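These are the residues of each chain, in order.
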Amino acid sequence: ETGVTQSPTHLIKTRGQQVTLRCSSQSGHNTVSWYQQALGQGPQFIFQYYREEENGRGNFPPRFSGLQFPNYSSELNVNALELDDSALYLCASSLGQTTGELFFGEGSRLTVL
Amino acid sequence: GENVEQHPSTLSVQEGDSAVIKCTYSDSASNYFPWYKQELGKGPQLIIDIRSNVGEKKDQRIAVTLNKTAKHFSLHITETQPEDSAVYFCAASRGDGNKLVFGAGTILRVKS
Chain A
172 ETGVTQSPTH
182 LIKTRGQQVT
192 LRCSSQSGHN
202 TVSWYQQALG
212 QGPQFIFQYY
222 REEENGRGNF
232 PPRFSGLQFP
242 NYSSELNVNA
252 LELDDSALYL
262 CASSLGQTTG
272 ELFFGEGSRL
282 TVL
Chain B
9 GENVEQHPST
19 LSVQEGDSAV
29 IKCTYSDSAS
39 NYFPWYKQEL
49 GKGPQLIIDI
59 RSNVGEKKDQ
69 RIAVTLNKTA
79 KHFSLHITET
89 QPEDSAVYFC
99 AASRGDGNKL
109 VFGAGTILRV
119 KS
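Residue numbers (the working numbering), protein chains in the order written: chain A, 172 to 284; chain B, 9 to 120.
Simulated from the structure, these hints should not be mistaken for lab results. Any given hint might turn out to be false.
[Claimed, not checked] The calculated label-pair distances, taken between Cβ atoms and stated as ranges, are:
id, chain 1, residue 1, chain 2, residue 2, range
1, B, Ser26, A, Arg193, 14 to 24 Å
2, B, Ile70, A, Glu253, 36 to 46 Å
3, B, Pro90, A, Glu272, 41 to 51 Å
4, A, Glu224, B, Ser36, 21 to 31 Å
5, A, Leu254, B, Gly49, 19 to 29 Å
6, B, Asn11, A, His181, 25 to 35 Å
7, A, Gly187, B, Glu64, 48 to 58 Å
8, B, His15, A, Thr185, 37 to 47 Å
9, A, Pro179, B, Lys79, 24 to 34 Å
10, B, Pro90, A, Thr185, 34 to 44 Å
11, A, Asn248, B, Gln89, 38 to 48 Å
The structure presented is a predicted model; accordingly, all values stated were derived computationally and were not measured. Even for Gly, the Cβ is constructed at its ideal location relative to N, Cα and C.
Extracted from the complex, chain B is given alone in its bound form (with noise of 0.2 Å):
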């Protein structure tokens, strides 16, 4: 089955600057890739997503990133605050259904 590694599993960064956390999955059937950021005490919450025809989608401050041919997409944060500290999710899914496999998750530190 599909199983997904996401690094660094912690990352403090400055207020200001630009955070990036990496994911690789192993199906390579895999076509749905979301990243979902979860605050103390509060369920996933969807933040971007990227399926398997894009190599790169933007909103605002976020941009993913995928490599199909390495099997590897990124998570891209810049001028990061400190409300963007949470834990920050991974996943990949092939589609059947609304299965989604997760990466163990990354604690996102933004010091001011």
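In isolation and in its complexed conformation, chain A is listed as follows (with noise of 0.2 Å):
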């Protein structure tokens, strides 16, 4: 069994440009979800996918858009990089929509200049 994967890893932007992060679901998990944690902060809820659509958002612009595909792998892409931006992205795969334990990827680390 897999868990979740997320890529890349680490990278850097300037502003004004866009970014697409990538997850891997952990194996037999239908739902995707995204979050933001800034340096020293808890994460923040970004949106959640489930069954290729959006399935509840937090408060993100809509500059923060993503995708879920039919083998449950998702991608969160945000334009218009602001230098707030800058943070680590978690990715969290679960076995259906309802409350249950989050699996979290290690996340990439983006960096705005």
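Two independent chains are provided; combine them into the complex using the hints.
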């Protein structure tokens, strides 16, 4: 059984650019959630995908968007990057959309200069 | 919306002592309260959780208590070991999907 894997692990972008982060969910998990973790803070919910559709969204602007694919893997896209977007982006998979254990990946560290 | 406050922000204990981390939440509809441990360079890992129909839950050296009336819950770690050193996060959810609202975290240092 493979765990949640994310890529890339680190990346550096400049303001105004766009970024795509990728996540492979744990085997058998059909739900993916994305969280943003700023340095020294707790993770903040961005959105969740279930059966390829967005199923809940946190307080993030529309320039944060995502996709889920038929194999349950997912992408997080951020357009028009701002300095405050610098953070660790965590993907978590789970079985089903109701509250239960989230299995987190190790995250993608994004630095915006 | 839900707001979760966590205290203390840092906690240093001697190996073998107990550690207690406390959280309060604001949304009385929240019904699921997990605790996550995050080691350096890794994603958070669930260590214990409790649902609103239970007041206390134990798993070896770790226990969680929930007071729904006061809207607070606590993590208790007994006989701490150096490998318990990490950042601990509490979270709350009202069961709407897997949206968790996290506290700001507690850095636990266990000194040997």
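Results of checking the hints against the structure:
Restraint check, Ser26(B) to Arg193(A): a C-beta distance of roughly 41 Å breaks the suggested window 14 to 24 Å. Restraint check, Ile70(B) to Glu253(A): a C-beta distance of roughly 39 Å satisfies the suggested window 36 to 46 Å. Our hint of 41 to 51 Å for Pro90(B) and Glu272(A) is violated, since their Cβ atoms are close to 26 Å apart. Checked against the given bound of 21 to 31 Å, the beta carbons of Glu224(A) and Ser36(B), roughly 29 Å apart, stay inside it.
Between Leu254(A) and Gly49(B) the Cβ separation comes to about 23 Å, which falls inside the hinted range of 19 to 29 Å. About 31 Å separates the C-beta atoms of Asn11(B) and His181(A), a value consistent with the hinted range of 25 to 35 Å. One distance hint, 48 to 58 Å for the beta-carbon pair Gly187(A) and Glu64(B), holds here, with the actual separation near 51 Å. The hinted window of 37 to 47 Å between His15(B) and Thr185(A) holds, with their beta carbons roughly 38 Å apart.
Remark: the range hint 24 to 34 Å for Pro179(A) to Lys79(B) is contradicted by a beta-carbon distance near 40 Å. About 41 Å separates the C-beta atoms of Pro90(B) and Thr185(A), a value consistent with the hinted range of 34 to 44 Å. Against the hinted window of 38 to 48 Å, the Cβ-Cβ separation of Asn248(A) and Gln89(B) comes to about 42 Å, which satisfies the hint.
Going down the numbered hints, you'll see the structure goes against 1, 3, 9, while the others check out.
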